[in-house]
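Chains as they are written, first to last, in my numbering: chain A, 1 to 188; chain B, 189 to 709.
None of these hints come from the bench; they were simulated from the model.
Computed list of lysine to any residue pairs in SDA-like fashion (alpha-carbon distance at most 25 Å, straight line):
| id | chain 1 | residue 1 | chain 2 | residue 2 |
| --- | --- | --- | --- | --- |
| 1 | B | LYS633 | B | ARG677 |
| 2 | B | LYS650 | B | GLU603 |
| 3 | B | LYS327 | A | ARG179 |
| 4 | B | LYS327 | A | ARG49 |
| 5 | B | LYS327 | A | ILE88 |
| 6 | B | LYS650 | B | PHE630 |
| 7 | B | LYS325 | A | ILE166 |
| 8 | B | LYS257 | A | THR139 |
| 9 | B | LYS325 | A | GLU86 |
| 10 | B | LYS257 | A | THR33 |
| 11 | B | LYS257 | A | ASP160 |
| 12 | B | LYS345 | B | ARG315 |
Everything numeric in this text was worked out from a predicted model, so none of it was measured.
If you want the building blocks of each chain, they are given just below.
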Amino acid sequence: MVTSSRRLVAGLLAALVWSAALRTVPTAAGTRTPTEYDVKAVYLLNFARFVEWPDAGFATATAPFAICVLGSDPFGSTLDETLAGETIAGRNLVTRRIAHPTDATTCQIVFTGASETTRLPAIVDALAGRPVLTVGDETAFTQRGGMISFRLEQSTVRIDVNPEAIRRSGLSMSSQLLRLARIVSAQP
Amino acid sequence: MRRLAALSIRWKVTLASMIASVTVLAVACAVFFAHELGRARVNLGRSLQVRADTIGLVSAASILFDDPKAAGEILEASRVDPGIVTAAIYALDGRPFATYRRRASEENAPVVALAADTMEGRFVGDRRLVTRPIDFKGKRVGFVALESDLADLSDVKSGFMLAALLVLALCIGIGWLLALQLQRLVTRPILALVESARTISRDRDYSVRVVVRGGDEIGVLARSFNEMLEQVEERDVELEAARGTLEHRVAARTRELQLEIGERCQVQATLVRQTEELTRSNADLEQFAYVASHDLQEPLRIVASYTQLLAETHDGQLGPDAEKYVRYAVDGALRMQNLISDLLAYARVARAPAPPQTVASGDLLSRALDNLQLTIEESGARVTHDELPMVRCNSSQLVQLFQNLVGNAIKFHGERSPKIHVEAVCRDGETEFSVRDNGIGFDSKYAAKIFVIFQRLHARGKYSGTGIGLAVCKKIVEHHGGRIWVESRVGQGSTFFFTIPQAAPDREAKEEVRHVGVEAS
Ligand SMILES: Nc1ncnc2c1ncn2[C@@H]1O[C@H](COP(=O)(O)OP(=O)(O)OP(=O)(O)O)[C@@H](O)[C@H]1O
Ligand SMILES: [Mg+2]
Chain A
1 MVTSSRRLVA GLLAALVWSA ALRTVPTAAG TRTPTEYDVK AVYLLNFARF VEWPDAGFAT
61 ATAPFAICVL GSDPFGSTLD ETLAGETIAG RNLVTRRIAH PTDATTCQIV FTGASETTRL
121 PAIVDALAGR PVLTVGDETA FTQRGGMISF RLEQSTVRID VNPEAIRRSG LSMSSQLLRL
181 ARIVSAQP
Chain B
189 MRRLAALSIR WKVTLASMIA SVTVLAVACA VFFAHELGRA RVNLGRSLQV RADTIGLVSA
249 ASILFDDPKA AGEILEASRV DPGIVTAAIY ALDGRPFATY RRRASEENAP VVALAADTME
309 GRFVGDRRLV TRPIDFKGKR VGFVALESDL ADLSDVKSGF MLAALLVLAL CIGIGWLLAL
369 QLQRLVTRPI LALVESARTI SRDRDYSVRV VVRGGDEIGV LARSFNEMLE QVEERDVELE
429 AARGTLEHRV AARTRELQLE IGERCQVQAT LVRQTEELTR SNADLEQFAY VASHDLQEPL
489 RIVASYTQLL AETHDGQLGP DAEKYVRYAV DGALRMQNLI SDLLAYARVA RAPAPPQTVA
549 SGDLLSRALD NLQLTIEESG ARVTHDELPM VRCNSSQLVQ LFQNLVGNAI KFHGERSPKI
609 HVEAVCRDGE TEFSVRDNGI GFDSKYAAKI FVIFQRLHAR GKYSGTGIGL AVCKKIVEHH
669 GGRIWVESRV GQGSTFFFTI PQAAPDREAK EEVRHVGVEA S
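Take these sequences, add in the hints, and give me the full structure.
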């Protein structure tokens, strides 16, 4: 059993070196303990993989896949580091910091931090009917018409999903992701 | 084994075909079973792989969103498959992300270890391990490992076993029925052959024929059998014919033999009659000789007495011629008296007046020599003898015998004065006497002749005698049941032998009866 475990470790180390997903996975073997926003940055990238965007959502066939942060940025450099070199369906990933909800129309994913709570209705209105995935850092975001919101559950990052809002936007979310999420509907 | 040998060919053929078909079937079943098992293993591996892939596909999100609970739920769905005993999802760093255990007693560790050990599925003991990578959108996100306890496989096994047993049982049943029917193809002609053979050996009826079916070996056998029967039948007919001929010939030969026997009987009867006639005529002759000699004695004695008286009383008175004639007459008369007395002696032998008694033969010889005393003295003969045994005989006849033989031995002497020796040896139940002389002897070709009456070898002028002496000897010896013969050479002397059987009372008794009978007739 001991030898098997050793072989296992060696094999896994090789796999880690090889894998491009290295930075996206929180790792006990790593020197750095992942912070909450490390996790959230990875989740943003994962959302891009579990949600499908219509081609109409992009300006051109080669237009990059844009992940935008609205208002104040809680990620620091983490987001850029996480997304660097990644592609989604052949498109390059880019991060943008935007100040106004209207700027979000050219984004594929918009992250709104806690600072934007007051502007939430405006954001929802601005993006209504557009294929832009809205992700809020606040749990109530989905109840107010947002599509996905983060939630901390015993210091583990969990997600809430408002399928109705996603459906209305013309996006489709993988059932796998839906299964992991807590389903929430907008409060009137 | 011996019991199997005694089994009817019907059962042997049935058994043989059964054994063959069941063996083939069993082999086929085994091969099929092995093949099915292999396929089941492959299928199991493949379905395990598919299941692992499905789990991987479904659980990618839970890994990516770090949700072991959701992953655990996905693994939990494996419970629908009773073969899966443990399952695990691993993060890329090898951390067990979620695990599943069918039973609480199952350990997860082996899954982990072996999952990393090999990416391929393999069988370990009675378990099969499958490890598959979890890829999502071209990125590896983790691994899934499944461990099956091959319950499905053992299900397949037992299912197949049952099916095989059923098929085997069914096939044995059908095969038995078929073999029972089909064996008749082979055995019916053989059994028919056997039945015919039995009938033939029981009834000895060789006209039976076997029905020949087909041209196979049995057909050939049946045909050969029929041919053999034909030959036997032919031979029977020939034998019968030969027997008829033989009987005929035997009957013919029997008839011939009967005829021959009849003839021989007749011949024998004739012989017997002739013998009887001969015996009677012999007896008649002896009777005649005796009576004649006896009755002739009286007139001859008168003739002899008176011629002698004439010669004495008229001595010198008759003329010289007359005297010569009278002398001749006296000689003739005396010779005739001798002749008659000898003839009487000869004839008397058979009449045997005295019964035989046991006496010392030496005494008998002495009596004979006493009788010959004058002759011995005249001739200066020397008569010697060895010790002589006791013999059972008619003593007066034996005295006569010795007297005749010694008399001849003295009479027929040459220049030398006669020497006579008498001895006796006992051998083969009889006593053999011999009387040896040193006389003139004779040619041995006359050895038989001299025993015949009146047969003489020497001229009467030189040696007187009538030629009856030896005939009397022969008669006396034969009367005693013995033999007499002579060995002689001219000038070398002669030896006369005779035998007297030692005591044979019954024979003597018979002889007596016979002589009484003869005398009576
Ligand atoms: N011992 C002898 N040696 C030589 N010749 C013999 C002798 N005994 C007999 N013979 C021959 O056999 C013949 C027959 O003998 P057998 O005694 O019968 O007659 P026999 O002596 O001549 O007459 P018989 O004895 O009657 O007076 C004689 O004549 C003689 O020739
Ligand atoms: Mg004589």
